[in-house]
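> Following this note's numbering, the numbering of the sequence shown begins with 1 at its first residue and continues without gaps.
Simulated from the structure, these hints should not be mistaken for lab results.
Hints may contain errors.
Quick list of simulated restraints, FRET-style, between CB atoms [what the hints assert, rightly or not]:
1. P84 to A34: 38 to 48 Å
2. G142 to Y52: 21 to 31 Å
3. R59 to R11: 18 to 28 Å
4. R98 to E67: 17 to 27 Å
For every residue, glycine included, the Cβ atom is placed at its ideal position computed from N, Cα and C.
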Amino acid sequence: MNNSQQRGTDRSAARRAELITIGRKLFADTSYDALSMDDIAKQAGVAKGLIYYYFKSKRGYYLAIIEDSVADLVARAGRHDDLPPADRVQRTIDGYLRYAEHHQAAYRAIISGGVGFDAEVQAIRDGVREAVIATIAEVTYGRKDIPRLARTALLGWLCSVEGVTLDWIGHRALARETVRDLLVRTLGDTLRVIEEFEPSYPAPSRP
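Could you put together the complete structure from these sequences and hints?
Next up, the structure:
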């Protein structure tokens, strides 16, 4: 690839990223069905054809936005690796809640599906779950590869996290810090149950 082609590729990638950034703002608190392509193009200040050029369809555009949002959420989960384990878990859960709080429509789409029953949306959600479970496992046990029982227990906890978070952003009756502390405590309980079944995977001491 020559320099001219490379510049064209870079410009195209930058333009696509810009459209995703615009879309994330548009869909931050608005559901998939609430915006038409005409609405999106008008609010983004671009020709509708440009969105079709990069993403083929409204669904393709929305999935690209969700995938970008997921990358942000997963990156939040992986931060703070220089902190003590208890602090890192607390920061990870707090970052997860902050993401849901500030990107409510995207979070709902990731967790409960924003474009109907869709295998691609489910795959994105499953990717988020795997990343969060891997982070918790690494912090707790020093490894991501854990027994099936431990993974199943952590998945059960994470599904409860999703339900609690959806309820919280829907009603906002509790402070984020309260919800965070609740989820941290229930994680500790889950880790102690795992230890009962898998003694070689001990739970951290209570703080």
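> Next step is simple, just say for each hint if it's right about the structure.
Verification of the supplied hints:
1. The hinted window of 38 to 48 Å between P84 and A34 holds, with their beta carbons roughly 43 Å apart.
2. Between G142 and Y52 the beta carbon distance is about 48 Å. The supplied range of 21 to 31 Å is therefore violated.
3. The given range of 18 to 28 Å is respected by R59 and R11, whose C-beta atoms sit roughly 25 Å from each other.
4. In this structure the supplied range 17 to 27 Å holds for R98 paired with E67, their Cβ-Cβ distance being about 20 Å.
Consistency note: the structure conflicts with earlier hint 2 alone.
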